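S.K.: Read off the chains here:
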Amino acid sequence: MENFEPVIVAYCCHYCAYTAADMAGSMRLRYPANVKIIRVPCTGKVDAIHIMKALEKGADGVYVAGCLEGDCHFKNGNTRAARRLAYVKKLLDDIGIGGERVEMFLMSAGMGERFAQTASDFTEKIRTLGPNPVKAALGEAKRAVG
Amino acid sequence: MPEKRRFQASNKVLVVGGGMGGIRAALDLAEAGRDVVLIDKAFSIGGLMTQLDRTFPTNNCDLCTLSPHLSESGRQLHIELMAATRLTNLNGEVGRFKASLTTEPRYIALEKCTACGECARKFPDEVRFTPGLDHRAPTCMRYPQATPYAFSIDKGRCANMEEVARICPAGAILPDDAPKAQEIEVGSVILAPGADLFNPQVLGNYGYSVSPNVVTSLEYERILSASGPTRGELVRPSDGKRPKRIAWVQCAGSRGTQAGSVPYCSSACCMFALKEAMVTRERFHEDIETTIFYMDMRTFGKGYERYLQRAKNDYGVRLVRSRPHSVEPVKQPEGLTGDLIIRYVPNTESRVETEVFDLVVLSTGFRVAPETKELALKLGVDLNEHGYARAASLDPVATSRPGIYVCGVYESPKDIPETMVQASAAAFNASKDLTPLRIVSEWQEELPPERDVASEDPRIGVFICDCGINIGGVIDVEGIARSAAAQPQVVVSEAIGHGCSRESLERMRNVIKEKGLNRVVIGGCSPRTHETLFQDTVRKAGLNKYLVEIANLRDQDTWVHLDRPEAAAAKAKELMGMAISAVRLAQPLIEHTLPMNKDVLVVGGGIAGMTAALSLADLGFRVYLVERSGQLGGMAAKIRRTLEGEEVRPYIFDLIRRTEQHDRIQVLKQSMVVDHRGVAGMFKTGIQMGPRMFYRELQHGITILATGALHHRPDEYLLGRHEAVTTQLDLEAILEDQPEIVKSWQNVVMIQCVGSRTPENPNCSRICCQSAIKNALKLRQLNPEAQIIVLYRDLRTPGFQEDYYRQAREQGIMFATYEPEDKPAVEANGQAVTVSFTDPILGLRMKVNADCLALSTGLIADDESTEDLGTIFHLPRTADGYFLEDHIKLRPIDLPIPGFFVAGTAHAPKGMRETIAQAQAAAGRAQTFLSRDLINLGAVVAHVDGDLCAACLICVRACSFGVPFINDEGHSEIDPAKCNGCGVCAAECPAKAIQLRQFEDDQILAKLDGLLERMG
Chain A
203 MENFEPVIVA
213 YCCHYCAYTA
223 ADMAGSMRLR
233 YPANVKIIRV
243 PCTGKVDAIH
253 IMKALEKGAD
263 GVYVAGCLEG
273 DCHFKNGNTR
283 AARRLAYVKK
293 LLDDIGIGGE
303 RVEMFLMSAG
313 MGERFAQTAS
323 DFTEKIRTLG
333 PNPVKAALGE
343 AKRAVG
Chain B
9 MPEKRRFQAS
19 NKVLVVGGGM
29 GGIRAALDLA
39 EAGRDVVLID
49 KAFSIGGLMT
59 QLDRTFPTNN
69 CDLCTLSPHL
79 SESGRQLHIE
89 LMAATRLTNL
99 NGEVGRFKAS
109 LTTEPRYIAL
119 EKCTACGECA
129 RKFPDEVRFT
139 PGLDHRAPTC
149 MRYPQATPYA
159 FSIDKGRCAN
169 MEEVARICPA
179 GAILPDDAPK
189 AQEIEVGSVI
199 LAPGADLFNP
209 QVLGNYGYSV
219 SPNVVTSLEY
229 ERILSASGPT
239 RGELVRPSDG
249 KRPKRIAWVQ
259 CAGSRGTQAG
269 SVPYCSSACC
279 MFALKEAMVT
289 RERFHEDIET
299 TIFYMDMRTF
309 GKGYERYLQR
319 AKNDYGVRLV
329 RSRPHSVEPV
339 KQPEGLTGDL
349 IIRYVPNTES
359 RVETEVFDLV
369 VLSTGFRVAP
379 ETKELALKLG
389 VDLNEHGYAR
399 AASLDPVATS
409 RPGIYVCGVY
419 ESPKDIPETM
429 VQASAAAFNA
439 SKDLTPLRIV
449 SEWQEELPPE
459 RDVASEDPRI
469 GVFICDCGIN
479 IGGVIDVEGI
489 ARSAAAQPQV
499 VVSEAIGHGC
509 SRESLERMRN
519 VIKEKGLNRV
529 VIGGCSPRTH
539 ETLFQDTVRK
549 AGLNKYLVEI
559 ANLRDQDTWV
569 HLDRPEAAAA
579 KAKELMGMAI
589 SAVRLAQPLI
599 EHTLPMNKDV
609 LVVGGGIAGM
619 TAALSLADLG
629 FRVYLVERSG
639 QLGGMAAKIR
649 RTLEGEEVRP
659 YIFDLIRRTE
669 QHDRIQVLKQ
679 SMVVDHRGVA
689 GMFKTGIQMG
699 PRMFYRELQH
709 GITILATGAL
719 HHRPDEYLLG
729 RHEAVTTQLD
739 LEAILEDQPE
749 IVKSWQNVVM
759 IQCVGSRTPE
769 NPNCSRICCQ
779 SAIKNALKLR
789 QLNPEAQIIV
799 LYRDLRTPGF
809 QEDYYRQARE
819 QGIMFATYEP
829 EDKPAVEANG
839 QAVTVSFTDP
849 ILGLRMKVNA
859 DCLALSTGLI
869 ADDESTEDLG
879 TIFHLPRTAD
889 GYFLEDHIKL
899 RPIDLPIPGF
909 FVAGTAHAPK
919 GMRETIAQAQ
929 AAAGRAQTFL
939 SRDLINLGAV
949 VAHVDGDLCA
959 ACLICVRACS
969 FGVPFINDEG
979 HSEIDPAKCN
989 GCGVCAAECP
999 AKAIQLRQFE
1009 DDQILAKLDG
1019 LLERMG
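Chain order of the listed sequences is A and B. So the first sequence is residues 203 to 348, counted in the working numbering. So the second sequence is residues 9 to 1024, counted in the working numbering.
None of these hints come from the bench; they were simulated from the model. Quick caveat: nothing in here was measured; it's all calculated off a predicted structure. In this text, a Cβ means the ideal position worked out from N, Cα and C, and glycines have one as well. Errors might be hidden in some of the hints.
Where chain B lies over chain A, by a calculated footprint (3+ residues, C-beta under 8 angstroms) [stated by the list, open to error]: (1) 221-233; (2) 252-265; (3) 269-280; (4) 293-306; (5) 310-322; (6) 325-332.
Computed spacing ranges between beta-carbons, pair by pair [claimed, not checked]: (7) R232(A) to G978(B): 47 to 57 angstroms; (8) L293(A) to H951(B): 35 to 45 angstroms; (9) T330(A) to G268(B): 55 to 65 angstroms.
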């Protein structure tokens, strides 16, 4: 477990978080390479299925990063995303995977530092939580079948 | 692309100044198919707004709203952007100007510079990434999304240019670069040079040169800014400590008569200070006390009054009505503490108070730069006594020289929304001076036909940029290319050097054709900046532009993990895997187009509607002008003179005559809109007209709403119940028509904000302060003996209107403040009325017997008609019944539904001058639609699979723009022409019947597969 490197998927909206990530780059800030970004036009586009599938396929943590409240390019996609995320968290709690593996963050396009900090903090949190239990379960299931 | 550009002589517009105004004007012209040369004296465009941390009234971050405009500007085919360039001379005349331009050497070849920043890191003192803003932090970058996205070298500080040249991985350094002079032909010119901000060093009493803890509002903005010298940490300059008590001092150097000050009002500083105080409170909560010392809170713009209320009530910003007498450092026996003491006389007292603060922000206003004044002199453009370009009061963007227009702060101090309005108006006027519009399609590049790839298996080409050492210096680009080559269906995978260079783009096009590729993946920098470039490239190679995917290997990998090259390489492989998986599922997308109906519907026949109608009709467009009443003219027909003294009636009557006689305008009086359907370019609107309410359907491409507002007549202060009580509008008529009555008056009282700035009508009506001053001055002229008292809350005479306020005071007109909690009282007293009010300084109740009481009742939204029209057109309104624009800061004329524009008081209370500007601007924005033969609606839209749809209405409810509806076939339908492409409906749809093009579920899941499947 000491060498556990979590795989983290970050759904970032084009207008704010993805831009903030680029800005973290241009400011040459450092954050863990564990975080892989998937660009979406708006966090309102991120479906529960995208989060659940990421976990099912083996991601150890997933976060959704959108614009600050009131700043959504599409009026309120970010608040919808936040509501959906709360639902997914509860679902994950209910099935024993743990809602803390998914999170929603808000930031403006200018917040390169917040992007980097968020990426680092979330990675550390998932590292502490350990590997996604689904992966282990799937592995066992495969072995049983095989 | 540039080599394809074929400028016609004298058929372009020169825009001087690349701030918000200049960019907006250039974009409008370009969108209307006009060629523009946009010059700016700085090394990158953007102007003042790029230095702001957040902007009022939304408190959004600017980078998010501005940067798309900049890159939009950078890639527009019609815009030639020339940074570091000045206009030195202008010969000829309108339609045939010859402009002399001089460009400073940048010492860097723009087409080669990749903005990697290597030079700036090695030679931080010699290389500018746009010049430092804050004199206290000379190395800070002005803003990170500069356009052109390139560096420049300060040769004066560079001892050895060869050394810089050696470290540049792109070979972009030009040691022998020299100033370039050139002459271009233009048909018209727009001046948008902006203004400087006042340097308060000359004000001895505010301690700016004495204490580092006295900063200007812009410096404070930079302290708050994430890209500023403190990276957004709020610390005070003297000791790096977080301040606990911050004071803003308004009107520093403005509205003054002392040395170094200007008499006018800078218009934007009140909102600026409120914003800074609110952002401070918001970010640091209760920790920091914020106090604003002000003379009048001038929050007169749309929704600004509510903003002021929020600052006061929700954020606890403390407002003190007083102009401080001095700001001095606190001296202790052990030396200076860095704290500051402010001395001031409160409005309600007559003794001096003192208060100590940790940081003092001076709200410094606008000043025309000496260089701009010289330019005006050279161009033969008249300036007013304050050094600003003089524009006629009813032709707000025309300068004294035909063919030269002005917008933004250079015309008068103003905020961003008004700058945007003037910019669009100036663009419209400038385009009228060019040869008549040609068809835009002639100018489109000839592209090869799109190859049909639907039946082909994916043949993927992978190209990986090294971006010099930016990517190549961290990871083994060849190795990444080899590993990508091993993936299924990848036909070619190669390293391509600087992928964005001309040679590499050409190579990609050739490889695509030779190898018969049908999908492309680029591993390089951010798609935010380069997606359109690579989309163009694949399109030129005969592929649909949506068949390319970009993996962000630079900004989101090698730049952030440059100390961990192994991790960066592993991540690069994963990012490439994700992009390759996703591109397999990429489908050619059709950008929806519709033929454009070029007719125009204008609703409302007042000054705004007529101006817009005439502007477009003069260009050759057919206009339907629908007016509810039996005559044209609207409210402006009741106004007699402007504040500047110009007669209004002849102007209005001429406008009415020209409108009614124009052979391209159909005036439909006594008509109302009853139904509406269609999308921009093909609207159909039903009208019932005439006394018999005949129904008629109009077909039109765009709609301009100019339905105005109403003259407010609240039931207050005996209005309508006593003959001595009147409104400012009616008083103006008396002053003009019955001067003998006026001469008999001994006492006249005016009460401001009657029925405005109240809980029922929270907006400031904006026109009343100037109407009161206009009438008071006229009254004084007719009757020098009368006592005139104006009872007000905040006297709002922004810009040069302040001159008239000062004149009024000089002429003995008395001004006294009242508080909304302690309003004046009025009772009948024979033919006169007795007005009682509390004198703010004495604290005593005063009584005046007034022969005339004029109430400044202002405007109120025409709630009934905006509600009807809002419902019929599906347009949103503000809480107080005005139409709500698409973006309060950047798009004050466009309504949220494409093809709808607003002008005049239907948008917000405003004066005639602003109304005319907005009407011209609406015509200009309309022209950007009408100049096209087809409307491109983009491809990233939601699409419903009718077979899967259960008509559950979830999408109908979820869409913020009200687009989905249940069609005749019983399933949801999304009009691609209306869809904004956010994808909320796709995420909410329980049956997964909705997919957002380019971001379909299987494409997103394919990215997950690309990342995760090899890990199982």
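S.K.: With reference to the structure, classify each hint as holding or not holding.
M.R.: Hint check results:
With 12 residues having a Cβ less than 8 angstroms from any Cβ of chain B, the segment 221-233 of chain A passes the three-residue criterion, so the hint holds. Check result for the segment 252-265 of chain A against chain B: holds, 6 residues qualifying (beta carbon to beta carbon below 8 angstroms, three or more required). For the segment 269-280 of chain A, the proposed coverage by chain B is satisfied: 9 residues have a C-beta within less than 8 angstroms of a C-beta in that chain, meeting the threshold of three. Only residues whose C-beta sits within less than 8 angstroms of a C-beta in chain B count toward coverage, and the segment 293-306 of chain A has 0 of them, not enough to reach three; the restraint is violated.
Counting residues of the segment 310-322 of chain A whose beta carbon lies closer than 8 angstroms to any beta carbon of chain B gives 7, which meets the minimum of three for the stated coverage. Check result for the segment 325-332 of chain A against chain B: violated, 0 residues qualifying (beta carbon to beta carbon below 8 angstroms, three or more required). A hinted range of 47 to 57 angstroms for the beta carbons of R232(A) and G978(B) is consistent with their spacing of about 55 angstroms. Checked against the hint of 35 to 45 angstroms, the C-beta distance between L293(A) and H951(B) comes to roughly 28 angstroms, which is inconsistent with it.
One distance hint, 55 to 65 angstroms for the beta-carbon pair T330(A) and G268(B), holds here, with the actual separation near 60 angstroms.
Checked against the numbered hints listed earlier, the structure breaks hints 4, 6, 8; every other hint is satisfied.
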